[in-house]
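**Student:** Now for the letters of each chain:
There are 2 protein chains.
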Amino acid sequence: NRHGAILLVNCDSEQFYHKTPDSDRKHITAVSDLNDMSPMVLRTKGPAQLPPGYKLTLHISRGDAEKVRVFRSTVFFPDFVKRYPLVLDDQVLSQEVPYQEETKLYVEGLRFPDKDFDGLLKIHLSLLEPISEDFPETPIYTDTVVFRVAPWIMTPNTLEPVEVFVCSTKDNYPFLKGITGLAKKNNYKLKVCYEYKNRGDRWMQDELEFGYIDSPHQHFPVVLDSPRDGDLKDFPYDELLGKDFGYVTRVPEDEEVNSLDSFGNLEVSPPVTVNGKHYPLGRIIIGVAFPTSAHGRNMTKVVQDFLWAQKVQEPVALFSDWLYVGHVDEFMTFVPAPGPKGFRLLLASPDAGYKLFKGLQNDGHGKAKIFDGLGPDEEISVDEILDNERLKSENDYVQNCIDWNRDVLKRELGLDDDDIIDLPILFKLMEDNRAVAYYPDMVNMIVLGKELGIPKPFGPKVDGRCALEAEMTSLMEALGLNCTYIDNFASYHKLLGEVHCGSNVRRKPFELRWWNLEM
Amino acid sequence: NRHGAILLVNCDSEQFYHKTPDSDRKHITAVSDLNDMSPMVLRTKGPAQLPPGYKLTLHISRGDAEKVRVFRSTVFFPDFVKRYPLVLDDQVLSQEVPYQEETKLYVEGLRFPDKDFDGLLKIHLSLLEPISEDFPETPIYTDTVVFRVAPWIMTPNTLEPVEVFVCSTKDNYPFLKGITGLAKKNNYKLKVCYEYKNRGDRWMQDELEFGYIDSPHQHFPVVLDSPRDGDLKDFPYDELLGKDFGYVTRVPEDEEVNSLDSFGNLEVSPPVTVNGKHYPLGRIIIGVAFPTSAHGRNMTKVVQDFLWAQKVQEPVALFSDWLYVGHVDEFMTFVPAPGPKGFRLLLASPDAGYKLFKGLQNDGHGKAKIFDGLGPDEEISVDEILDNERLKSENDYVQNCIDWNRDVLKRELGLDDDDIIDLPILFKLMEDNRAVAYYPDMVNMIVLGKELGIPKPFGPKVDGRCALEAEMTSLMEALGLNCTYIDNFASYHKLLGEVHCGSNVRRKPFELRWWNLEM
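Top to bottom, those sequences are chains Z and R. Going by the numbering used here, the first residue of the first sequence is number 1, and it counts up by one from there. Going by the numbering used here, the first residue of the second sequence is number 1, and it counts up by one from there.
Do not take every clue at face value.
Since copy identity is lost for identical chains, a pair holds within one copy or between any two.
[What the hints assert, rightly or not] Taking lysine-lysine and the DSS-like style, the derived pairs with C-alpha atoms no more than 30 Å apart in a straight line are: (1) 197 / 184; (2) 301 / 311; (3) 301 / 115; (4) 301 / 122; (5) 45 / 410; (6) 410 / 301; (7) 392 / 55; (8) 311 / 277; (9) 410 / 55; (10) 122 / 311; (11) 115 / 277; (12) 494 / 191; (13) 55 / 428; (14) 115 / 311; (15) 122 / 410; (16) 494 / 355; (17) 341 / 184.
For the record, the hints were derived by calculation from the structure and aren't laboratory data. Computed from a predicted structure; not experimentally measured.
Pulled out of the complex, with its shape left as it was, chain Z reads as follows (with noise of 0.2 Å):
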């Protein structure tokens, strides 16, 4: 709970490649790769050299041993390699060091913060003194460092982008086309996963998360792979996983993965205060069972266990399953906005839509209909829609499990009913009683800065213009923030996702740096 010594997990490439040729690696063979681990220096005080048979010796505990590595920095060899031996590792617990003024060495974080590691190393030198050449030595003096080492950190939509990913399928072109438009506007660059590498998986959100890790004499993104592994699977280790970029995943061993496990399910707010708490790196959102349902889908818990262990970005989870794919994109988000918070939690709200189709029936567009333009087979009127009773009654059952979550992010994240905008969207239910949207679900978006690239809709036209992006557009200009609509419907509205579903977005890293918060 003080000040001390951070380590970072030395998980970009550099790491990756030694480890699969050879795991047994015993020297650091790139200088980049000394950027990564933190430096620590042992100065010694006292005679010229020590008496006959005293040594000095660092060792660190059988526990610890699988998490760090220390390697020690000479001057001798002209050969690189030769110059970083290792000191440390899980075979090496206990090494002599050399008794000199001042000695170099480099320690590597392995391991994440997660349940069974609370992110905290030791490593301790002690000074060994001889009985008699029968006898072990024994310590007479112990000092021992501690290392906190660094938690993964997402980032949520309120920071600035740094690089959008999408797919190209061979039927995703106005969307590609859209998302494509939006990033060069911007000049955030753009990275299309095609075809040869994602075999027809389109679901950039749901594969992996991006984060990044950071310590005061490094920092880089690292990418969260999904377990949900769709044809996607190799896109982040293979594509991503680079020089300076790292790569971590947890894969349950005896768990079947479900669709709870997709990162549509796993977002993270701004930065909020909760009855005095601060999380100043907002807090980590994910969907899962209802509590009262024993036979729920849930998010599996080795990724569950690896979030609330960061630490840094305490989750809240929230009830998901209620919808057939079971993604929380699918019902919230969050866009910056002026005021003291910065922001505006986006719901999805059915109460809001049918709101706004009475209105369009009062105001005589009853005969305006959604899907217009998509064919006979999908537009339905207005009328329509408002007479379909079962509709309606599966409408206010998704209200209310909407209005659960609206009750738990208001408590969690210390939210007014001022700080959320509730957007006009329907749902329908499928087998199970799991929800859909019924149109193009328009809080299922992309958030670039002040662009929004939201699903278009398709809804009702009343003098030409669709009703429920006028309504969205003056909601979203209120807050200072422009509306791009993407025609998604036939490629990915159809498939049960929306834009989001559809990108990813690498941003900035927080300003703040984590070690200044108090845990």
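On the provided structure of chain Z, position chain R as indicated by the hints.
**Tutor:** Just chain R now, kept in the frame of chain Z:
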């Protein structure tokens, strides 16, 4: 971190008797069992009846379900067993409860805090609203209560004894008589474990550790059964577990048990304050391998994890692997004493031993013999001891090992040199350079209030009086303590143990209640 409700692990015999014949217990079978549970009252304020279809549901998470059960009290059944039906357990995570002004429930803890369980349990109540018969009810309000499971607490030598435990064997009559006399003198209860049960295993200290659990409504002793499992292994379960006497054990699944797993290697200090941090229930003390050694013996991980997880007596790890048997009680104990700290730490000290023997030689008693009267094979003179250079260097090594522990104890218990008394005890090395006491190890004593039962050292006699006893008695009488020397030479010392190893003491709980600690 705030005041809240407390739960006991229902680990006494009512629980165990039910578990063995009927692991699917669905009712409370004895009124005494209710006393071990925490009452939980559900009070409602609202209309006389809920509107049709609305329900109150009590629920727990899957993770908590293996650690807690909830029973409900009904007045309808004259049959006691039916009067307390099970509401929640690991099979039923959610169940409707009646809507009435007041419902009385009983909550039962099933698991002690451990590495994977911080001791906090949540029980939720939700009000469910029906939408229509076709859909699941949705929760519209949820309330939650948090319980903390009471930790297992050890009792230091400074607490008043209640009951003394010792084994009877074919060959230990003088020892048994000595302990019996001490217990009777103070009117402590005495429990003798006879040979049919101990099967020759006399190490009553090593098979078990006494502790207790405490809550505002109930407290009782709980024995921690060591994974040592010598021939005494059935004694804790068969003879100690009882009505209001709990039982807990931890056995490693895939690790070999060794001598450091005996509970002569598990002690607890009196209350201490260290750099302003209070440990009003003392600190647990265990012995492990020295950290610079990669291949030493250690206390098994599952027991260490259990001890650390209790949190209220944060453990200190000493270095005991230098001893052949490897128990901390071979070189240290605590005795009550006047002064602000209320105790002294006694340490075995080869240096103090050599000082005493040299003093005898200087005073002309070099021909006096230790082991006097135990036969010519055993007897050896002060001069011979002092002439043995090998023995001296062995003891220098032992002193270094103890000094390292002395430094740890001073630092971790906040002790000064004045708080520590060095007892004149010599060691010798066996195979692997591991140490055993050269003559009966006086520090390995039983502490019963102000009465000390000390291994009779058979030291050199001066004017007919044992010089070791004289020194020991003089040191202890200065603290107001009475020494009784018990002959355990043949029946314990020769088998590498002493008085403490062969006895055990159940003590009164602390008056301070653990939930008043800052955690």
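**Student:** Between residue 122 and residue 410, at a C-alpha cutoff of 30 Å, which is it: within one copy, between copies, both, or neither?
**Tutor:** between (40 Å within a copy, 20 Å between copies)
**Student:** Quick one: residue 115 to residue 277, C-alpha cut-off 30 Å, is that within a copy, between copies, both, or neither?
**Tutor:** The answer is both: 23 Å in one copy and 27 Å across copies each meet 30 Å.
**Student:** Within, between, both or neither: how does the pair residue 55, residue 428 come out at a Cα-Cα threshold of 30 Å?
**Tutor:** Between copies, since 25 Å is at most 30 Å while 74 Å is not.
**Student:** Evaluate residue 341 and residue 184 at a C-alpha cut-off of 30 Å and name the case that applies: within, between, both or neither.
**Tutor:** Answer is within: at 29 Å inside a copy they meet the 30 Å cutoff, but 72 Å across does not.
**Student:** For residue 301 and residue 311, with the copy left unspecified, which applies at a CA distance of at most 30 Å: within, between, both, or neither?
**Tutor:** This pair counts as both: shortest intra-copy Cα distance 16 Å, inter-copy 25 Å.
**Student:** Within, between, both or neither: how does the pair residue 122, residue 311 come out at a Cα-Cα threshold of 30 Å?
**Tutor:** both (20 Å within a copy, 20 Å between copies)
**Student:** Since the copies are identical, ignore which copy is meant and state whether residue 301 and residue 122 lie within 30 Å (CA to CA) inside a copy, between copies, both or neither.
**Tutor:** Answer is both: 28 Å inside a copy and 18 Å across each meet the 30 Å cutoff.
**Student:** Is the C-alpha distance from residue 311 to residue 277 at most 30 Å within one copy, between copies, in both cases, or in neither?
**Tutor:** both (14 Å within a copy, 25 Å between copies)
**Student:** Should residue 115 paired with residue 311 be assigned to within, between, both, or neither, using CA atoms and 30 Å as the limit?
**Tutor:** Answer is both: 11 Å inside a copy and 17 Å across each meet the 30 Å cutoff.
**Student:** Classify it for me, residue 197 with residue 184: is the Cα-Cα distance of at most 30 Å met within a copy, between copies, both or neither?
**Tutor:** Within. Shortest intra-copy distance 23 Å satisfies the 30 Å Cα cut-off; inter-copy 83 Å does not.
**Student:** At most 30 Å between alpha carbons: which applies to residue 392 and residue 55, within, between, both or neither?
**Tutor:** between (80 Å within a copy, 23 Å between copies)
**Student:** Could you figure out if residue 410 and residue 301 sit no more than 30 Å apart (CA to CA) within one copy, between two copies, both or neither?
**Tutor:** Answer is within: at 25 Å inside a copy they meet the 30 Å cutoff, but 42 Å across does not.
Of the numbered hints given earlier, the model fails none.
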